[in-house]
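Peer 1: Protein chains in written order, with the UniProt record's numbering: chain A, 1 to 366; chain B, 1 to 636.
Note that these hints are calculated values from the structure, not bench results.
Some hints here could point you the wrong way.
What the hints assert, rightly or not - Listed next, the in silico PhoX-like pairs over lysine-lysine satisfying Cα-Cα at most 25 Å (straight line):
#	chain 1	residue 1	chain 2	residue 2
1	B	Lys-577	A	Lys-365
2	A	Lys-77	A	Lys-145
3	A	Lys-150	B	Lys-510
4	B	Lys-442	A	Lys-246
5	A	Lys-145	B	Lys-495
6	A	Lys-365	B	Lys-615
7	B	Lys-601	A	Lys-246
8	B	Lys-615	B	Lys-596
9	A	Lys-292	B	Lys-499
10	B	Lys-210	A	Lys-246
11	B	Lys-499	A	Lys-145
12	A	Lys-246	B	Lys-94
13	B	Lys-210	A	Lys-292
14	B	Lys-210	B	Lys-234
15	B	Lys-601	A	Lys-365
16	B	Lys-577	B	Lys-615
17	B	Lys-508	B	Lys-495
18	B	Lys-465	B	Lys-434
19	A	Lys-150	B	Lys-499
20	B	Lys-510	A	Lys-145
21	B	Lys-508	A	Lys-150
22	A	Lys-150	B	Lys-532
23	A	Lys-365	B	Lys-575
24	A	Lys-145	B	Lys-532
25	A	Lys-145	B	Lys-508
26	B	Lys-508	A	Lys-292
27	A	Lys-292	B	Lys-601
28	B	Lys-210	A	Lys-145
29	A	Lys-292	B	Lys-575
30	B	Lys-577	A	Lys-292
31	B	Lys-584	B	Lys-615
32	A	Lys-246	B	Lys-615
What the hints assert, rightly or not - Residues from chain A shown here face chain B by an in silico Cβ test under 8 Å; the list is partial:
#	residue
33	Phe-245
34	Lys-246
35	Pro-261
36	Gly-329
37	Gly-331
38	Cys-346
39	Glu-348
40	Pro-351
Note that the Cβ used here is the ideal one computed from N, Cα and C, for glycine as well.
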Amino acid sequence: MAATSSGPSAISSSSYPTKRDQLYDYCATIPGALFNQEDLENLHIARDTKELMQICQELVSNQLFQLLQWDGDVCWKARPQDIATKLTTLSRDELLVYQCVESLGTTGIWTRAIRAKTNLHDKSLNKAIKSLETSRLIKSIRNVKNPSRKTYMLYHLVPSEDIAGGPWHDENGEFDIDLINTVADLIWNYVHAKSWVEAPRIKGGRDMADAIKRRKDAVAAAAAAQQTPPTSLAAALELPPSPRFKPALGPSNRVLIPYPPGYRGYPNLPTISDFVRESGVVMVEIHEADLKHLLDNLVYDGRLERMGVGGHMYRSVRPMEGEEDVGPGNGLAEAPCGRCPVFVLCEEGGPVNARNCVYFEEWLKT
Amino acid sequence: MAQNLSELCTLLVDDLYGGLSSTVFSVLARLGRLPLNALKHHSDLSAKQLKHALVVLIQQHLVLHNTSEDEETTYYEVHWSNAYALVRSGKIIKLCEDRFGESAGGIISNLLLLGHAKVKDLAEAYNVAVKKHNEIDPEANHINGEGLPNGVGKDTHSNGAGSHIRSVGELHRILNELIQAGYVRPVRDIHFRPTADITADAEQIVKREKFPGGIKGPKGKADFAEEVNNLKRKWIEGDDEKPVTNGVKRRPANGYAPQSHKRARLNGASNGVNGHFDSDSDDELTPILDQELVVRVNYDKCNVGLRNQQLVTLAARYIGETTATVYETLLTLLEQKIPRCHDEYNEFEDEEAELKALPSITLFQVVNALDPELDLSAGISLSQDVSNGTTGDNTPDATDLDGIGGYTNGVNGSASSTPNTARDRMKYAEQHLKLLAEDPRKFILRAGGRGGGEWQVNFRQLTNKLVQFEIENTIMARFGSLAIRLVRILCDKGKLDEKAVANIGLLKQKDIRSTFTAMQEAGFVELQEVPKDTARQPSRTIFLWFFDQDRCRRVILAETYKAMARLIQRANVEKEKIQPLLDKAERTDVVGNEDKYLLAKERQILRLWRSTEEKLLTQLGRQDDLVSILRDYGVS
Numbered sequence: 001m002a003a004t005s006s007g008p009s010a011i012s013s014s015s016y017p018t019k020r021d022q023l024y025d026y027c028a029t030i031p032g033a034l035f036n037q038e039d040l041e042n043l044h045i046a047r048d049t050k051e052l053m054q055i056c057q058e059l060v061s062n063q064l065f066q067l068l069q070w071d072g073d074v075c076w077k078a079r080p081q082d083i084a085t086k087l088t089t090l091s092r093d094e095l096l097v098y099q100c101v102e103s104l105g106t107t108g109i110w111t112r113a114i115r116a117k118t119n120l121h122d123k124s125l126n127k128a129i130k131s132l133e134t135s136r137l138i139k140s141i142r143n144v145k146n147p148s149r150k151t152y153m154l155y156h157l158v159p160s161e162d163i164a165g166g167p168w169h170d171e172n173g174e175f176d177i178d179l180i181n182t183v184a185d186l187i188w189n190y191v192h193a194k195s196w197v198e199a200p201r202i203k204g205g206r207d208m209a210d211a212i213k214r215r216k217d218a219v220a221a222a223a224a225a226q227q228t229p230p231t232s233l234a235a236a237l238e239l240p241p242s243p244r245f246k247p248a249l250g251p252s253n254r255v256l257i258p259y260p261p262g263y264r265g266y267p268n269l270p271t272i273s274d275f276v277r278e279s280g281v282v283m284v285e286i287h288e289a290d291l292k293h294l295l296d297n298l299v300y301d302g303r304l305e306r307m308g309v310g311g312h313m314y315r316s317v318r319p320m321e322g323e324e325d326v327g328p329g330n331g332l333a334e335a336p337c338g339r340c341p342v343f344v345l346c347e348e349g350g351p352v353n354a355r356n357c358v359y360f361e362e363w364l365k366t
Numbered sequence: 001m002a003q004n005l006s007e008l009c010t011l012l013v014d015d016l017y018g019g020l021s022s023t024v025f026s027v028l029a030r031l032g033r034l035p036l037n038a039l040k041h042h043s044d045l046s047a048k049q050l051k052h053a054l055v056v057l058i059q060q061h062l063v064l065h066n067t068s069e070d071e072e073t074t075y076y077e078v079h080w081s082n083a084y085a086l087v088r089s090g091k092i093i094k095l096c097e098d099r100f101g102e103s104a105g106g107i108i109s110n111l112l113l114l115g116h117a118k119v120k121d122l123a124e125a126y127n128v129a130v131k132k133h134n135e136i137d138p139e140a141n142h143i144n145g146e147g148l149p150n151g152v153g154k155d156t157h158s159n160g161a162g163s164h165i166r167s168v169g170e171l172h173r174i175l176n177e178l179i180q181a182g183y184v185r186p187v188r189d190i191h192f193r194p195t196a197d198i199t200a201d202a203e204q205i206v207k208r209e210k211f212p213g214g215i216k217g218p219k220g221k222a223d224f225a226e227e228v229n230n231l232k233r234k235w236i237e238g239d240d241e242k243p244v245t246n247g248v249k250r251r252p253a254n255g256y257a258p259q260s261h262k263r264a265r266l267n268g269a270s271n272g273v274n275g276h277f278d279s280d281s282d283d284e285l286t287p288i289l290d291q292e293l294v295v296r297v298n299y300d301k302c303n304v305g306l307r308n309q310q311l312v313t314l315a316a317r318y319i320g321e322t323t324a325t326v327y328e329t330l331l332t333l334l335e336q337k338i339p340r341c342h343d344e345y346n347e348f349e350d351e352e353a354e355l356k357a358l359p360s361i362t363l364f365q366v367v368n369a370l371d372p373e374l375d376l377s378a379g380i381s382l383s384q385d386v387s388n389g390t391t392g393d394n395t396p397d398a399t400d401l402d403g404i405g406g407y408t409n410g411v412n413g414s415a416s417s418t419p420n421t422a423r424d425r426m427k428y429a430e431q432h433l434k435l436l437a438e439d440p441r442k443f444i445l446r447a448g449g450r451g452g453g454e455w456q457v458n459f460r461q462l463t464n465k466l467v468q469f470e471i472e473n474t475i476m477a478r479f480g481s482l483a484i485r486l487v488r489i490l491c492d493k494g495k496l497d498e499k500a501v502a503n504i505g506l507l508k509q510k511d512i513r514s515t516f517t518a519m520q521e522a523g524f525v526e527l528q529e530v531p532k533d534t535a536r537q538p539s540r541t542i543f544l545w546f547f548d549q550d551r552c553r554r555v556i557l558a559e560t561y562k563a564m565a566r567l568i569q570r571a572n573v574e575k576e577k578i579q580p581l582l583d584k585a586e587r588t589d590v591v592g593n594e595d596k597y598l599l600a601k602e603r604q605i606l607r608l609w610r611s612t613e614e615k616l617l618t619q620l621g622r623q624d625d626l627v628s629i630l631r632d633y634g635v636s
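Extracted from the complex, chain A is given alone in its bound form (with noise of 0.2 Å):
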């Protein structure tokens, strides 16, 4: 039988382990490949059809094969010879649920799904995974989209990003708050770094650090003296009038003002992005869509704004000393009343009033 055919496979024709081996070893060659008949005709092992036919349905029984269908054609991929090994002694319905786990690839799947699909009882369900998850087959992973749904996953994959998350998560799922402040701290930075000019020296050598030092120096001066109020007498020795603001400095102790408009200079996305990268704080890969939900959250929190048509640039919002934790505020916020716990029980000739206020008395010491 062996004479009518010629080339390699001819010779081997005899045995049909090795051209099981053969078959086996051309197709692990590529993980997660599939092949369909005809490729694997195409590689002229088998001698025709039927041989080939026999060869898979021997490979698929030995969990070699797994046996698979795409665009209404079946089809084969290999599968790693030691899970192959474990396979063969597993129980009937463990091998149904590995299959149905195996089928969903990187993103996982739900407890449910696999009963709805095995149609297996719960208990032997519950059995079989557990059984499947001691021999380290499948592991139990957190679908961020449903923490709360039990998502199974073979042993070896990783999840899938849409279900492990980005790289905003840890291992477990949950959003990594520490590293997403670092990357936010560093960010802010970065850009803020690029959003203001520094000041020109004031003429005559006066910084504005300096002009405030000497400001309050002579308010204190005038304090000392007598009790004339501070502002005359700041007034008389023609100090310039005390700013609305106290905007933060810049690193040589000078105001910080904008960029003449119409400046393009100002950080985007791809820019902060490449920063990020080349900051090496993050391990992953960051995508440029889990950089913007980051940015965004910067802008909530009031740190950054938008510039330029259609805000694709980003600029520090001007930040101001003493605003850091607690916000510019306003007349209520900083008043007693504005954080009373018991504001809601305070009238005229009630148990808590304007006369015996304790909030009051703390506030007006202060």
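Add chain B to chain A, keeping to what the hints say.
Peer 2: For chain B alone, kept in the frame of chain A given last:
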């Protein structure tokens, strides 16, 4: 809210006009519109006392009255906004002082004290003041002495010296200037009537004259509403009085420009000669006002001025002081074209129509009006400046890479251009304006290219931002920065369930729950239930968080009214504590001889009390700022 407001207003009236007035006011505030009989019944006062109090209250425009034609009874009701405005007096005086000089501040202060006054009477009062110096002072101080209306008690003290008007001509000139600017307006009978009655009358007349066949269909309704509005406007503002256009027409005739206020202020009262010269030359141009004209302060216009101040502060916070000054100039120019923050008689169909109707100001106008002393090159990076000489290698990218490059250029730029030339000034001013337009808050909008570039201000949008800004400030101070992120997410995305908020905000669900609950308790966020089936079980229900700006605004407003009342009450308590000592200090023999008659310890106590009161009043003023933003700047 009404309860808090009425408590506050009663306190204000009590403080300024005494117990009798406040008793009557409080009855009207609590019970609403009442005739004299009912008022008598509820207040336990005699008719004589009641009438006495009502005269004062009506004179101050704190109570309105209406006598309908068919029945003889007169009904009284309180004028809420005017009663509240008492707390704002100090700010209004300061504003007018800054704009129109100290004398104008004095006039405003007197008008606020008097409610309304005839020009003749004002003139008489001032003539007396010139002769008998001492008699006007206690009166002028009365408003200061009481302290409450003036958040900045000390500043107004200088009024005494600055508010003297030297001649009738000068009085008329300043008064006319104030009327032209809209800060002072002639009083009409209708101003003493409640709005509801005016509307009812207007509707009746329009119905009788224009719609004898009845109002039909939606179009008829709309026409009717417009007619009523027109009639009301005619009644309230008058046909002959058009302060806006008058002001503009007059200006080119005598070369009057806004910076003349500044000059007046800079020179101050010390430069008497100059002042006289001004007033003399103006006397010929200014028509002498009708002696019988009754005038009062126009709170609507004052709110426009105060709103501008808030916007300037916002610009100073987010861009810088120099740019804010340019902005202030632009807003002051615009002010002449804006009679009130929110024009209820002039609703626009849509946003586009409103934008079209916004007045605009050109770059030339701004540059002309800018204080010539102001160094415009400050507060903006000049890295692209032509006068720099090094522009060639100075593309934005270069400075972007090298922050220090930008900085050194800045030095060159400012050094070479310290005395800003006219051309430079124009260029710098334009840069500042563009900066304002480029800011994400959209301080100004470009409207066209005429006159070096026309600019508009979308007040409605900005007011909205101011409101949102204050709400967020309050939330931030109370619930921390996490709450701000949550609120902004809800603002941006609408109604969301907890999980979606957590995902968008990169937060853990359990971390945000407590913040949400706390905010819900305080009334800042709300929860919407969406049941999945008719059973409405909690387990089968979706809960969506949402943020309602208007609701928040009302919550904070009500709380602020209450907090303001507490501040005033506390100030009264503090004063009460040392009343005997205060009595002693105010004795005529002690005043002026404090060192002699008061012990060191007593002086110490007085000083302490003064600083305490100042602290309370400063806070009161700041809360008033909040109220004006949340209520008065035209959020409908």
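Peer 1: Each of the hints needs a verdict: does it hold here or not?
Peer 2: How the hints compare with the structure:
no. : hint                     : verdict
1   : B/Lys-577 with A/Lys-365 : 16 Å, holds
2   : A/Lys-77 with A/Lys-145  : 30 Å, violated
3   : A/Lys-150 with B/Lys-510 : 20 Å, holds
4   : B/Lys-442 with A/Lys-246 : 23 Å, holds
5   : A/Lys-145 with B/Lys-495 : 19 Å, holds
6   : A/Lys-365 with B/Lys-615 : 10 Å, holds
7   : B/Lys-601 with A/Lys-246 : 37 Å, violated
8   : B/Lys-615 with B/Lys-596 : 28 Å, violated
9   : A/Lys-292 with B/Lys-499 : 19 Å, holds
10  : B/Lys-210 with A/Lys-246 : 60 Å, violated
11  : B/Lys-499 with A/Lys-145 : 9 Å, holds
12  : A/Lys-246 with B/Lys-94  : 24 Å, holds
13  : B/Lys-210 with A/Lys-292 : 60 Å, violated
14  : B/Lys-210 with B/Lys-234 : 16 Å, holds
15  : B/Lys-601 with A/Lys-365 : 18 Å, holds
16  : B/Lys-577 with B/Lys-615 : 17 Å, holds
17  : B/Lys-508 with B/Lys-495 : 18 Å, holds
18  : B/Lys-465 with B/Lys-434 : 19 Å, holds
19  : A/Lys-150 with B/Lys-499 : 18 Å, holds
20  : B/Lys-510 with A/Lys-145 : 16 Å, holds
21  : B/Lys-508 with A/Lys-150 : 20 Å, holds
22  : A/Lys-150 with B/Lys-532 : 24 Å, holds
23  : A/Lys-365 with B/Lys-575 : 16 Å, holds
24  : A/Lys-145 with B/Lys-532 : 20 Å, holds
25  : A/Lys-145 with B/Lys-508 : 13 Å, holds
26  : B/Lys-508 with A/Lys-292 : 19 Å, holds
27  : A/Lys-292 with B/Lys-601 : 64 Å, violated
28  : B/Lys-210 with A/Lys-145 : 65 Å, violated
29  : A/Lys-292 with B/Lys-575 : 57 Å, violated
30  : B/Lys-577 with A/Lys-292 : 59 Å, violated
31  : B/Lys-584 with B/Lys-615 : 23 Å, holds
32  : A/Lys-246 with B/Lys-615 : 21 Å, holds
33  : Phe-245                  : 5 Å, holds
34  : Lys-246                  : 10 Å, violated
35  : Pro-261                  : 3 Å, holds
36  : Gly-329                  : 5 Å, holds
37  : Gly-331                  : 3 Å, holds
38  : Cys-346                  : 7 Å, holds
39  : Glu-348                  : 7 Å, holds
40  : Pro-351                  : 14 Å, violated
Hint violations for this structure: numbers 2, 7, 8, 10, 13, 27, 28, 29, 30, 34, 40, all remaining hints satisfied.
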